[in-house]
Amino acid sequence: MRGSGEFLGRVAIAAASWLVVAFLVLPLAVVIGVSVTETEFLKFPPEGFSLKWYAAMLGDRTYLDAFWLSAELAAVSTGAALLLGVPAALVIARKRFRGSQALNALFLSPLVLPNIVIGVAVLQYASLMGFARGFFALLVGHIVIVIPYVMRTTLASLSGLEISYEEAAQDLGANSTATFFLVTLPQIKPGVIAGSLFAFIISWINVEVSIFNSTPLQVTLPVKIFNYVQFTVDPIIAAVSAVTIYVAILAVVLLDAVIGVEKAATGT
Amino acid sequence: MRIGRFEAILLLGGPVLFLVVFFVGPFLLMTVASLQAKGGAWTAAQYVKVATDAYYWEILYETFKIGLWVALVTFVMGYALAYYITFQVKSRLVRRVIYIVVVTPLFTSVIVRSFAWIVMLGRQGLVNQALQATGLVSSPLSLVYSKTGVIMGLSYVLLPFMVLTVSSILQNLNRSLLEAARDLGASPLMAFLKITFPLSLPGVIAGSLMVFTLTVSAYVTPSIMSGGRFNVMSMLIFQQYMVLFDYNFGAALAILLMVATLVLMGVYVMLLERRARAAG
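From first to last, the protein sequence lines stand for chains X and G.
When the letters of the first sequence are read in order and numbered with my numbering, they come out as residues 794 to 1061.
When the letters of the second sequence are read in order and numbered with my numbering, they come out as residues 1407 to 1686.
Here chain X stands alone, though its shape is the one from the complex (with noise of 0.2 Å):
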């Protein structure tokens, strides 16, 4: 019969599950109670609750410098992913040539390869060409590494586009330009901010390609941590760390509200 036992599993399944879920939460959870106690060492659950970790975070230019420093980049290297990314998904995925597999192969390879090869590869070569540890240097490593997410949802987006449409508009005496602008752009659309909002994401949380190419001057928000946590570890780490936690619950609600957590997450 098809009763208890089938129940109990379920039951074990729902409850395995559960558990897994607070082990996801719980330690973003810690960080974010650690970072408002009033003690002056890490305390979980918080001793009494006060922002003045945060306040001590705000009076110390350094953080903010990081903090816009690794926005900028985000920003600059998500903008230039687009501007690389999108026309080249666009012949990819509308043009038939040969070897347009292996060029999307290239495109994407930075996927598979460890950051932390990406990142000494860049050290080294910037380097030679004499641009190591700088903006620049920090910026072509970060569009290397986001490229993928660029590529991967437009031409995904593009796939699952009626070609017929575009035809029309060119048929209809549309040039390329035009009917990309009016026509496509604006049925990819979502595909392409979730793209972007990836790209940003990963420039933006990124160690390993960062710490090979920032200097004590120019130093990104992650890295800062890291270099802080190697250190020692204190409350405003912890409020810190808080703040680039919000900054993920914003980016993962826009995310949803763009095309959806779960679509966004599975591809389905």
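For the record, the hints were derived by calculation from the structure and aren't laboratory data.
Idealized CB from N, CA, C, for every residue including glycine.
According to the in silico footprint, chain X covers these stretches of chain G (three or more CB under 8 Å from chain X):
#: 1; stretch: 1494-1507
#: 2; stretch: 1515-1528
#: 3; stretch: 1555-1567
#: 4; stretch: 1592-1602
#: 5; stretch: 1625-1639
#: 6; stretch: 1653-1665
Mind docking chain G on chain X? Use the hints.
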């Protein structure tokens, strides 16, 4: 849309040029550097040094062992959650909330997530508090700077990838096969073992490959959670580049890590294919 030959060259030229200059270029340079001595003379000395020193093989072995553990832990946890989201959660809202919980860590830097585990595993941390409260241990365990800690931390960091890859496969699974099995009298467990699990294998393989490769190349989590007590490959690479400034040997280690990972992945996929063929 129809794209002319000239337009195609115009649109592809920039992106391809960019990748050739800033991606292919750096990799070629690194490969060349690994085959040179510091002065620039051609030599295989860097690779001979790696091959003949047991130290590097041990670290490579340890790194891969951690990779296997993390793949196993994330598989067990991730499969359960993916199965639950796909087959048992009926409410769209609950499903959405779970997906948000799975994706939010991915949008948070690895350094923040590793820091979280240092706080959790510390002597005053939540894990030790819980262990002591339940009477499992009498004095706090030193979990932070241990391999167990690193495996925990990396499993946490990479779990979302496993959940998402498995659940995207489970969602596309043909459910009428399951109904047919049940109608023909299979127990739920039997239906799972004979239908659901075999059909979800591609997701499990893709997920575990992803987790394994990301683990063996991870730098941040092992480097802050090992507390300098042991090394993994990526830490050796970092030391060569940033402490010893030996770009040639560093390049050889980076290429070794990359090639070893690719070979292992290839063998894994081949073995699975052979088994699948044997199973008919």
